[in-house]
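Asks: Spelled out, the chains give:
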Amino acid sequence: MNPVRSRGSSDYDTFVVCLKSFVCLQEIISESDFHAFEIDSIVGDVLDVKVLPNRVADCNSEAGLARELSAILEIPTTLPRPSGSLPPVTVSLAQINGILGSDFSQSEVEDVFKRLGLDTKIAGAAFTVTPPASRPDLIIAEDLVEEVGRILGYDRVLPTELPPLSGVSDQARFRGIERMKDSLIEQGFTEVSTQSFVTAGDITLANPLDQTRPALRTSLEENLQEVLARAKQYEALILPPKQKLKLFEVGSVFPKEGEYLELRMTERVPEWGDSAGISDNLTIAKLEDYGKDYAPKKYTLGAYKPFSLYPFIVRDIALWVPVGTESGTILEVIRKESGTLLVRSELFDTFSSGGGSALGGKKKTRISYAFRLVLQSFETGNHDSRAIYHLGVSPQVDWNEC
Amino acid sequence: MEAETARGHLHPISVALREIAEIFGRMGFSIVYGPELETDWYNFTALNIPPNHPARSMQDTFWIKNQPDHVLRTHTTSVSVRALEQLAKSGGTEMRVLNPGKVFRNEATDMTHEAQFYQLDGFAVGPAGSVTLAHLKGTLERFYREYLGENAKVRFRPSFFGFTEPSVEIEVWFTPLGKESRWLEMSGAGMFHPNVLRNAGLDPAKMQGFAFGGGLERLLMVKYGIPDVRLFHSGDVRFVYGFEEEKI
Numbered sequence: 001m002n003p004v005r006s007r008g009s010s011d012y013d014t015f016v017v018c019l020k021s022f023v024c025l026q027e028i029i030s031e032s033d034f035h036a037f038e039i040d041s042i043v044g045d046v047l048d049v050k051v052l053p054n055r056v057a058d059c060n061s062e063a064g065l066a067r068e069l070s071a072i073l074e075i076p077t078t079l080p081r082p083s084g085s086l087p088p089v090t091v092s093l094a095q096i097n098g099i100l101g102s103d104f105s106q107s108e109v110e111d112v113f114k115r116l117g118l119d120t121k122i123a124g125a126a127f128t129v130t131p132p133a134s135r136p137d138l139i140i141a142e143d144l145v146e147e148v149g150r151i152l153g154y155d156r157v158l159p160t161e162l163p164p165l166s167g168v169s170d171q172a173r174f175r176g177i178e179r180m181k182d183s184l185i186e187q188g189f190t191e192v193s194t195q196s197f198v199t200a201g202d203i204t205l206a207n208p209l210d211q212t213r214p215a216l217r218t219s220l221e222e223n224l225q226e227v228l229a230r231a232k233q234y235e236a237l238i239l240p241p242k243q244k245l246k247l248f249e250v251g252s253v254f255p256k257e258g259e260y261l262e263l264r265m266t267e268r269v270p271e272w273g274d275s276a277g278i279s280d281n282l283t284i285a286k287l288e289d290y291g292k293d294y295a296p297k298k299y300t301l302g303a304y305k306p307f308s309l310y311p312f313i314v315r316d317i318a319l320w321v322p323v324g325t326e327s328g329t330i331l332e333v334i335r336k337e338s339g340t341l342l343v344r345s346e347l348f349d350t351f352s353s354g355g356g357s358a359l360g361g362k363k364k365t366r367i368s369y370a371f372r373l374v375l376q377s378f379e380t381g382n383h384d385s386r387a388i389y390h391l392g393v394s395p396q397v398d399w400n401e402c
Numbered sequence: 001m002e003a004e005t006a007r008g009h010l011h012p013i014s015v016a017l018r019e020i021a022e023i024f025g026r027m028g029f030s031i032v033y034g035p036e037l038e039t040d041w042y043n044f045t046a047l048n049i050p051p052n053h054p055a056r057s058m059q060d061t062f063w064i065k066n067q068p069d070h071v072l073r074t075h076t077t078s079v080s081v082r083a084l085e086q087l088a089k090s091g092g093t094e095m096r097v098l099n100p101g102k103v104f105r106n107e108a109t110d111m112t113h114e115a116q117f118y119q120l121d122g123f124a125v126g127p128a129g130s131v132t133l134a135h136l137k138g139t140l141e142r143f144y145r146e147y148l149g150e151n152a153k154v155r156f157r158p159s160f161f162g163f164t165e166p167s168v169e170i171e172v173w174f175t176p177l178g179k180e181s182r183w184l185e186m187s188g189a190g191m192f193h194p195n196v197l198r199n200a201g202l203d204p205a206k207m208q209g210f211a212f213g214g215g216l217e218r219l220l221m222v223k224y225g226i227p228d229v230r231l232f233h234s235g236d237v238r239f240v241y242g243f244e245e246e247k248i
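Going down the list, the protein sequences come from chains A and B.
Residues in the first sequence are numbered from 1 upward in steps of one, following full-length UniProt numbering.
Residues in the second sequence are numbered from 1 upward in steps of one, following full-length UniProt numbering.
Please keep in mind that the hints were generated in silico from the structure rather than gathered at the bench.
Don't be surprised by glycine CBs; every beta carbon is placed ideally from N, CA and C.
Some clues are possibly wrong.
[Unchecked claim] Beta-carbon label-pair distances, calculated as ranges:
id, chain 1, residue 1, chain 2, residue 2, range
1, A, Thr204, B, Asp203, 18 to 26 Å
2, A, Pro164, B, Ser90, 15 to 23 Å
3, A, Trp272, B, Trp183, 46 to 54 Å
4, B, Ser90, A, Gly44, 57 to 65 Å
5, B, Trp183, A, Leu73, 16 to 24 Å
6, A, Lys114, B, Trp183, 24 to 32 Å
7, A, Thr160, B, Trp183, 16 to 24 Å
8, A, Gly153, B, Gln86, 34 to 42 Å
9, B, Glu85, A, Leu165, 18 to 26 Å
Start from the sequences, fold in the hints, and give me the full structure.
Replies: Written out as structure tokens, the structure is:
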């Protein structure tokens with residue numbers, strides 16, 4: 001059996017062991033899982049066990065696995081002790097508890113090495129283990145510490161908080177980057193994240209996953225333009241009328257001169273001054289100073305709401321109502337009557353008349369509200385007629401489609 | 001009516017990292033960055049994963065054409081080694097670091113696998129005996145409690161990674177949205193292998209510490225009920241707008 005597996009769905013070599021089932025299989029599964037031997041499946045009395053790469057030397061045989069399970073489950077075994085010997089490894093009780101943060105006793109540790117069938121000499125609080133030839137994974141004291149933790153169980157390692165750090169934590173650079181983002185968010189930009197792989201670039205992968213995108217991006221531009229074009233199709237779904245779709249991305253790019261962190265926007269930010277372009281090299285920017293006293297804005301997000309893959313319809317609708325009627329009242333009625341198909345609804349224009357202009361001094365008797373409605377189904381594509389019919393059951397008003 | 005400039009939206013990864021950085025910041029963790037196009041040394045060999053080490057087969061690596069000593073980093077633990085080197089150079093005796101960033105794995109993509117994703121990786125080191133596996137449990141339990149909710153708790157399952165000894169899988173008890181509480185595998189962790197400290201120029205007889213690392217998207221998927229990991233880096237704005245957002 002080749003101990004190194006290059007590819008495959010399982011991370012580890014998978015071996016099968018037959019165990020005479022004199023203990024409950026469920027117990028074997030649960031105990032094995034928590035002692036580094038995950039059981040993939042059981043068919044009859046055959047267990048399919050995942051063996052971690054550090055244990056292929058001894059657990060690539062049924063006898064080896066049976067020996068390990070006997071140690072984990074504390075079932076006596078008649079199997080002979082493994083032969084041969086490797087250089088001895090010494091660990092002290094203080095070292096074990098000092099690494100694990102545990103409170104294991106001398107006798108518990110002694111028992112672990114006994115259960116594992118390891119040849120152990122004890123001098124005071126020091127244990128010297130001479131591993132058999134089949135345990136080349138036991139080389140340093142830490143390897144023995146792991147055996148103790150694994151067998152006695154990490155549930156006995158109790159959560160302990162770190163003491164306060166004597167220095168201060170430094171998140172200035174991170175905060176500088178986030179401050180840039182906050183500034184863009186305020187200007188109406190939305191952040192996107194795209195793939196690092198593109199069709200052509202200066203650096204190419206030796207083993208690309210997608211043969212059509214074998215190169216690393218030299219700039220965020222190609223992806224950002226592609227994303228903007230796609231986003232424009234969904235603009236009405238996500239933005240209020242009259243708001244312009246503006247995007248930005250912060251990501252690593254790989255030109256031949258060397259990797260750097262790029263900030264790129266789909267358009268300039270006028271507020272940033274005439275010299276500011278649509279991209280910036282954040283690797284050379286002095287972000288530490290910019291961020292050191294900044295607290296990035298915090299948001300809470302609600303549960304994710306999946307978007308429908310069906311097309312949507314946008315309807316701009318204007319209607320006259322007597323002065324004094326609130327637009328919110330009408331929107332409420334529209335929303336109530338439109339049901340689940342209505343995914344967005346906003347007022348986007350108001351116009352008063354009745355003997356004068358909206359700004360005129362004469363008394364106005366009626367007012368026109370224009371609403372943008374976006375309709376979309378999760379179950380089927382919307383048909384124009386159906387959407388209109390749907391709106392037709394709305395309140396008794398004069399519909400004037402814009 | 002004048003068009004007002006409505007706020008744009010922040011990507012959920014950024015929203016999450018701000019909260020995570022703040023929680024770890026309260027526990028003394030700094031944030032550091034490193035290259036995504038990494039040398040074989042920092043990604044593997046310095047992390048006690050020399051050529052032909054079995055742990056290399058556990059990670060499907062993207063290699064670079066005509067640069068056999070370069071890879072796209074498979075974890076941000078590469079940044080940990082760089083940070084430990086800085087610690088060694090400065091002669092310091094303690095350090096707590098979080099290194100969030102993009103990592104790459106050459107594996108087929110599906111709803112739960114992406115070839116590029118973010119990793120939340122971190123470590124704490126101090127004088128020997130001062131930073132233990134119990135501190136790892138305490139640190140992560142506090143993090144998950146503050147991030148996922150008061151009833152979150154952490155348990156360890158023994159595992160194997162080249163750069164830690166002992167090594168554990170972190171499982172978190174959590175109630176995903178609309179589902180029963182259960183144990184979720186969240187990251188790999190352990191105590192730095194002495195060889196890693198040595199490779200960074202530190203003396204493992206005098207220093208020890210814990211390290212942890214896991215996918216960030218996975219954490220967000222369970223927290224917010226996101227069904228498909230490929231949404232994160234698809235560039236689709238509908239994903240970014242798929243959450244009710246409230247500014248605190």
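Asks: Would you mind marking each hint as holding or not holding in the structure?
Replies: Hint-by-hint comparison with the structure:
1. Roughly 41 Å separates the CB atoms of Thr204 of chain A and Asp203 of chain B, a value that falls outside the hinted 18 to 26 Å.
2. As the Cβ distance of Pro164 of chain A to Ser90 of chain B is approximately 20 Å, the hint placing it in 15 to 23 Å holds.
3. Distance hint check for Trp272 of chain A and Trp183 of chain B: the Cβ-Cβ separation is about 48 Å, which falls inside the suggested range of 46 to 54 Å.
4. In this structure, Ser90 of chain B and Gly44 of chain A meet the distance hint of 57 to 65 Å, their C-beta atoms being roughly 60 Å apart.
5. Roughly 21 Å separates the CB atoms of Trp183 of chain B and Leu73 of chain A, a value that falls within the hinted 16 to 24 Å.
6. Take Lys114 of chain A and Trp183 of chain B: their Cβ atoms lie about 31 Å apart, and the range 24 to 32 Å holds.
7. The beta-carbon spacing between Thr160 of chain A and Trp183 of chain B, approximately 21 Å, falls within the hinted interval of 16 to 24 Å.
8. Range check, Gly153 of chain A to Gln86 of chain B: about 36 Å between beta-carbon atoms, so the 34 to 42 Å window is met.
9. The supplied range of 18 to 26 Å is met by Glu85 of chain B and Leu165 of chain A, whose beta-carbon atoms lie about 20 Å from each other.
In this structure, the one hint that does not hold is number 1.
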